[in-house]
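Trainee: As a plain string of letters, each chain reads:
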Amino acid sequence: MGTPRRLPSGGRIDRDRPIAFSFNRREMRGFSGDTLASALLAHGVATVARSFKYGRPRGIVGHGVEEPNAIVDLGVGAAMTPNVRATEIELFAGLEARTSRAPWQGAVGPLARYLPAGFYYKMFLHARGFRTWERFLRATAGLGGVPEGPDPDTYDHLNHHCDVLVVGAGPAGLAAALEACRAGARVVLADEQAEFGGSLLAETGPVDGEHASSWVARTVAELESHPDAVLLARSTVSGLYDHNFVTVVERRPDAAGAPDVAGAPDVAGARERLHRVRAGQVVLATGAIERPLVFANNDLPGVMLASSVFTYLHRYAVVPGERMVLCTTNDSAYRTAIDWVGAGREVAAIVDARPEPSGAAMQAATRAGIEVIHGHAVIEARGRKRVREAVVAPLHGEDDRLTGPPRRIGCDLIACSGGWTPTLHLAAQTGVKPRWSDEAIAFLPVPAGDAVTWAGSAGGARSLPACLQTGAAAGAMAASRTGHGEGRVSAEPPETDEPPETPSRALFLVPHQRPPSRAPKQFVDLQLDVTAADIELAAREGYESVEHVKRYTALGFGTEQGKLGNVNGVAILARALGQDIAATGTTMFRPSYTPVTFGAVAGRDVGGFFDPERRTPMHGWHEEQGAEWEDVGRWKRPRYYPKAGEGMQDAVNRECLAARDGVAILDASTLGKIDIQGADAHVFLDRIYTTGFRRLGVGRCRYGLMLHEDGTIFDDGVTARIAGHRYLMHTTTGNAEAVFDWLELWRQTEWPDLDVYCTSVTDHWATAALVGPKSREVLGRVCDDIDLSRDAFRFMDVREGHVAGVPARVFRISFSGELSFEVNVPAHRGREVWDALIEAGAEFDITPYGTEAMHVLRAEKGFIIVGQDTDGSMTPADMGMDWAVRRNKPFGFLGERSLSLPDHLREDRLQFVGLASGDAVLPEGAPLVEVPDGAPPIPNQGFVSSAYHSARLSRPIALGLVRGGRTRLGEILHCALADGRNLPVTIVDPVFYDPDGKAQDV
Amino acid sequence: MSDRPGVVLRREPARGCLNLRGNPRDAGFRNAVAAVTGVELPVESCTWGPAGDAAVYWLGPDEWLLVLPAGREADVERRLREALAGSFSVVDTSGTHCFLNLSGPARGYVLQKSSPYDFHPRNFPAGRCVQTVFAKASALVAANPDGSFDLVVRRSYADYVRDWIADAEEEYGFARG
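From first to last, the protein sequence lines stand for chains A and B.
When we follow numbering that gives the first Met the number 0, the leftmost residue of the first sequence carries the number 0, and every step to the right adds one.
When we follow numbering that gives the first Met the number 0, the leftmost residue of the second sequence carries the number 0, and every step to the right adds one.
It is worth saying that the hints were derived from the structure and are not from the lab.
Some hints here could point you the wrong way.
What the hints assert, rightly or not - Here are some, though not all, of the chain A residues that point toward chain B, as calculated from beta-carbon distances under 10 Å:
hint : residue
1    : C161
2    : R633
3    : I675
4    : D754
5    : V755
6    : S759
7    : T761
8    : R828
Unchecked claim - Straight-line Cα separation of at most 20 Å, SDA-like style, residue types lysine to any residue; simulated pairs:
hint : chain 1 : residue 1 : chain 2 : residue 2
9    : B       : K135      : A       : E612
10   : B       : K135      : A       : A601
11   : A       : K432      : A       : P590
For glycine and all other residues, C-beta sits at the position ideal for the given N, C-alpha and C.
Chain B extracted, bound-state conformation (with noise of 0.2 Å):
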């Protein structure tokens, strides 16, 4: 085994997060969206981009996952709600969701051990997100700009992800952030 880890695991601190959803074909939702965190709603399938401190992810053709720095979210939570009109529903969920951060050159096999999703960078180039399967849990997988994956995964199921991984970088050799 190289003295190199070949996977790094890092669990990121808790974060504010709001679950949105509405129209993305209204225009006023998503300029409403926008006055209030400064970030452009993707609106293409399975993209994320990031935002100065926040990001925002897709999670489906209405719905959208913004994440903001801890602390944040029931400030912007309130302003959403003063800002948008019609259909839309914003919904804290912080305290849902466990962040952690996947490097390292045998990165991409630790996510072909737990999920059949297809993470090649020809598929999943930095930008991209997806909800999918991830051993039998479920995570959101984001591509970052520097190679490696953000996942978000649920806390109740957070040990045993961090397990899986855990047992599944093994046979590379890993480390912790």
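Bound conformation, chain A alone (with noise of 0.2 Å):
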């Protein structure tokens, strides 16, 4: 289709590159350098979407942020994105939009009123109400579609830090950014939109002698000059948060999967990067957007912001109408209006909503030969698909009232301007709330400490010299502030030819004959349909806080985020309320200014680098056996090792046989091990166990459980005394990095008088646990300087010397309850030690294993695994385990006074059992009843916490928690399975195998 409102000429864009692209499934055409939304008005696209409640007809309104009509689903398929605006879309070949849609748009049209404002709130007042609505208003949730697979683009994060960050890239943040470079400064400057210059990219003025675009080009190239620059373009801020840490959401539009945009240069990677800065400085040149003015049908097509005209006619040489009313409240519009003209259209009028506006805005209209009605405003629209006329009264000069009857001007498009809103998003997540200035007509932003500064219209400047200047000094500012320059500007601030401004007239709602309630919709909300009369029937029926009303309308919910009616909506309110509006105040903008994927939140931390996989120096061997894994905190850890045609049980089954009867061996390189040196080490250790460890002599080692302060389990492990004030402590996997800390916290912070240091050596060593009657022999082939004897070597030894010649620690500890040597080697030659005592156990078929065979072994001899047969509530003597706990120490041991609360002491606290249940294995986590099927509430006996299959014994074993378990030796309990079944169970003993531990002791 033909592209009727393209000018011939002029226009920042390439008509030598044109683009094919879909919009609502049909095909257009736009040239490289256009928007999707300049494109759309290219061809005369009126309507672009039907409203979220009422249906009605929209058309685009704006040209950049502040778009709130023209929201569509880019892409196709997996790579698909909702909800982004057309005017942010930079045209690239190929591209496929389609307008979002909420599920239920257009279909509500007629059910409208019986929604009325706060109609969700309404709902909660009876519950049946709320039920009947609910499952209508779940449908109704949510905006655009859905990605039809997961996303196939990357997205990834990267860190940046800055002297001064600039936000903003318009004439105030070029010369911000400019001034801090030449002080010195680390400079990152930001902006959304695809080139740098903001409104200089449609200015028709000078800058400084020179066409404003060529002052853009040749600032910009200056601070590309600076090495220490970083410039950011199609980069939006989206969160502004405490010490100046920002987000920044660059979009990558031609990454992978995406076609090239036409003249962006070629990167590769990401398609967008979140940049993670933390600036010394941040000066916010977020610039201001220009506010509607509320009158009766303002969302028909055809009815747009007058900077948005003037930017879509001078950047990308289209006209969005022909005969033009602009409606205005102040001088900044009327070279919309002027330009209009120059582009051979026509304005049927300027409106000006002042009783005599005067000044060189007003003479050059006239000189243009452009009628100006002062003292009128358009109280109207009409038009069916889009504007036809426009409604144009007379307005008393200073109440806001119609004086006089109104007329009708016929036209295709009413340019609007109500004012300026500065954008202030970024300064209201600092946390202070912006003042009203009855001056400037505006909320301008209250400073909070001295590192946020602001410059341009976003701090009230209303002239291009007054944001030029205004720019340079925050940017001298900010530097001298990281210790770059004195904090004066360089050079005399640019010239222009901007005449003075008269002053503007204050217009949020135009009055119309009717009260809001019965005249044609205002709207202040566009996105979410939000009217001045829901305003008003808000504050009649009570509200009368800002942030209530915006709730109770949900004005400036949508993704627009109140970037064009927040202002308005708040002087309808105040004047509803009967106050002004620095008495109303403005509501606050939270993270993030608009949308950020989901992708650009998580980054590269998906898939495999979601959380990273441990691995010990044996993983490959594993890998090559074919190892199933089982995850132990982040450590990969095999499971078992499956041989041809095994099924689990099998393969465990056999890996616990050869562990009783041959030899075995198990990677335990896993567990924590902290080195613990010191004069007042044994003291220290002391103190941390419940065991006492002052007269544990070098070479022996000595099994410990770890108290919190309430005196329940945290940790258990064996720690050997290598040297006279050397230990090695063992922890859990799992536990390692929170023993650690724990140690440091007590270190440091409670007992810096004692001598000792920690030094976490877990990645130091490899261990190899050789276990089963076969292993001292096994051992004996590739270790020839330790005498491995009973007698020499006994249970709970260390000793150190070589193995598979590598300086070796080799433990007689035993998780097993066999024979059992646990061989320690640097882990950088792990492997290599492994692969001698796997060659060296060739003969004795020594078989390895993986941790649900070290649970069978250790559920047979009933120890525990903290974790899993403790849940952060169990004592020593609940675990049967007060053999470990000593008490009179000197200083006694963390946790020790609480094991004497009267709670800790209760006879029928939960209390480590064995359970034998005949020929099932019992769910672990399974409740256990006294009566299975009594009334209920059945009264809990306590719970399976582990449960197994043996080999050994050739029937399930299981352990578990039962009130007061160990009187009720013999006592039949009932398991409740989630299929409804009850198995008996008996309480028995926790130890099922070898009770008097003749196997380790060989």
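Each chain sits in its own coordinate frame; assemble them with the hints.
Mentor: In structure tokens form, the structure reads like this:
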């Protein structure tokens, strides 16, 4: 289709590079340099969406981030991104966009009168009403589609540090960044548009004696020449957090999967990049957004912001209509009408709300032959699918009321300007409320400390010279506050030919002959269909706080976040409440400024990078053996090693029997290991553990329980005395970091007088546990400098020597109840020693075993696993482990006093027992009850904590916690299964195998 | 993509490592360490220094990492234990650490993607080192006089870190040393 609204020349578009795209399945063409919105307007597309609540036709209103209507789903299939503003989409070849729709859009129109403001809240007043409406409302939630599959694109994060972050690269931002760079600061400059320049990209007047665009080009070139300047285009600053931590989302439209944007630099990698900036100073040069006027039917396609019409005209050479009525309260919009005439289009009239406008703008309009109707406003737009005429009526000079009959003016475009709203979203994120200025007719930012400043129209500047001047000053000041320069600007601000401005009129809701409740709808928030009548209704219903009214009416709740409607809504509320705007105040803004994709938040921390995988030095060997894995903390541990045709139970049975009858080997490298040295190391351990460490001999090991201050078991493990003042502590695999932190907490904050140092050596040691009656023979083949005999190397001894020629520490400790040697060598030699042990064990059919067999072996012995058989509420007595608690130590131990708490002494506490269950393996976690089929509630007697099939005993075994369990041996309980059945279980001693411990002491 | 790789990642051979603890205000401690190792302990935070074929990194107010040619750690540990008195700790951590070297013009971007620390030369010139978060692991990063960075990572995380770097450097073009 043709592009009737494209001017034959002009604009920052490349007419040699046409681009084909589709919108709502219609094939269209634009040029490189267009946005989707400008290309649609060039085609004369009027209606781009239907409104959220009423299904009314809506057209493009703005030209940037403020656009409330032209919201599209961009792309197709898995790569589709919902809810993107068409005004911010650079056109690229093959672009496919569709209007984002809410599920109920258009269907509600006839029902609208039954859905007043606050409907959602009113619904909650009656529970029945809520149930009735709930299903309907749930179906309506959301806007836009859902991608069809996992996102094929990648996203990443990049950290930055800078002295000065400048947000916005319009005139003020460019001037600020330039001064900060010249002062020698590290600068990050971010702007949401594809090109730097902001409003200067549509500027027609001169800056510093040259065309605005060449001043921009020269300035950007100088910025690029600074090695410590980072220039981020297409980058929206989405959040300003404490300590000037700032998130910036950069769109990189030509990355994998999406077609290249013509003329864009060829970047590879992520489609979007979240820049995490830590800035010494933040200069907000976020500009201002023109404020629409609220009049009847102001949502008709063809009602646009005057500045947007100006931008489409100059930047994109697009005229979004033929015959314009300009409705304004201020001078700034006049040039839109004047240049409209210059583009060969007709201006029906400038309707100026001020009683007697004067000054340069007015004179220029008159010179251009434009009729200026002063003291009037457009009170209503008329037309079906787009504007056909504007209804204009005289306004009282001070009060917002009409003073005469209306008249109609034919037009297809109403450009309006109610003044300017500084973009304060980021400034408000510092937590300081903006203040209303009657003089500026705007909310202005309020300082929050001196690390965030603003410049240009964000701070209320109303002219180009003022923007350039405040920008330069803010840049120089910010640089000096970070130690660069003395805060003085390097040059006079560039000169422009902009005439001085005459005062504006404060006008928000344009009066109509009928009150808002009876007049055609006067829209405040176009995205969520909030009208002036809705706000007045909220006030009548007793809402006074602007924050409450926002939530009651949904004003500013859409993705647009009140960028157009907020001030008008506040003004309407203020009038309804009979108070001024300053007293009413504004709602606050939270991050994010514009919607941020989940992909950008997640970055590369997805898939395999979501959580790091820790690997032992023997990981490759396990892989070669086809091990099945278990995740323990971040570690990958072999769970079992299936042979061909084996299921898990077959493999575990085989591995267990090998450990009991022959020799088996376990990779135990993941156990937490902490080297503890110092003259007071034994004192420290004595306080940390329940067990006593003062008399532990060199070369000996001791089991210990570590308690929290509340007396509950936190960790357990074996600690060895390596030398006089040197110990090695073992922790459970999953608790290694927590234990280390616990030790440091006490060492550094409570007992700094102790001479003790803790060093993590978890990663330093590779550990191979040789287990089984043949383990001594196997180790003897590769170790000739340690006497391995029973009496020379006793149970719970540690020895140093060489294994396979590698310096090693060997512990005779056992988590299986069998003869066992735990061989520790430096990790970088772990694999070679492991291989040597496997080779040495070959003739004994050495069997690698995994965590599952490890669990079975320890359960047969009744050894607990902290975190499986304990849940953070068990004391040593509960676990039947008073033998590991030494009282009457000189200092005591952590948690000792809590062991005397009355609750810890109750006899009906959950106690650790064995459970015999016939021939079924009980489900872990299953509850135990006395009476299987009594009337509920049935008192819970405990639960199953561990359950396995024991190959050695040829029957299932289980461990569990039972109320007063140790005095109930022999009693029968019932285990309640998920399928409703109950299995009888007998309470037994938790040691199922070798209760005398003969097997490990051979 | 240009022919020249943006990033070069080199995996260094294993080295002898000793974690050393003690009081830096104790001249006897400092002198004994210097006598045994020939290394002056850096007392300024986040600095490191080479000393012949060894290097010593500041890890904390009372903690250093001594890096030696592989195989010398046991001898140096023994001599340190003989020379030191009072409050100290020496731990062989040779198995703990994997050494990587990151160079190439885009090396800084890889660090920026991986860590919130400021590795800009103004903040992190040659001679600085820092223990910091690296993606979801941790690393000791040191700035070298030739502009490259040494990364010392825990062995169990080494595969993760190398995979992470390979992913981060992909857009710049890379090579393996």
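Trainee: Each hint needs a verdict: does it hold in this structure or not?
Mentor: Tested hints:
Against a cut-off of 10 Å between C-beta atoms, the interface hint on C161 of chain A holds, since the closest Cβ of chain B lies about 9 Å away. At about 8 Å, the closest approach between the beta carbon of R633 of chain A and any beta carbon in chain B falls short of 10 Å, and the interface hint on this residue holds. With 10 Å as the threshold, the beta carbon of I675 of chain A comes within range of chain B, its nearest partner Cβ sitting at about 9 Å, so the hint holds. Because the smallest distance between the Cβ of D754 of chain A and any Cβ of chain B comes to about 5 Å, under 10 Å, the interface hint for this residue holds.
Hint on V755 of chain A holds. Least Cβ distance to chain B is approximately 8 Å, under the 10 Å limit. Evaluation of the S759 of chain A hint against chain B yields a held restraint, the C-beta minimum of about 8 Å falling below 10 Å. Hint status for T761 of chain A relative to chain B: holds, with the closest Cβ pair at about 8 Å, below 10 Å. A least Cβ separation of about 7 Å between R828 of chain A and chain B falls short of the 10 Å threshold, and the interface hint therefore holds.
At most 20 Å may separate the alpha-carbon atoms for a hinted pair to count; K135 of chain B and E612 of chain A meet this at roughly 10 Å. Annotation: proposed proximity of K135 of chain B to A601 of chain A holds, straight-line Cα distance about 13 Å (limit 20 Å). Proposed proximity of K432 of chain A and P590 of chain A is supported: the alpha carbons are some 15 Å apart, at most 20 Å.
The structure agrees with every numbered hint stated previously.
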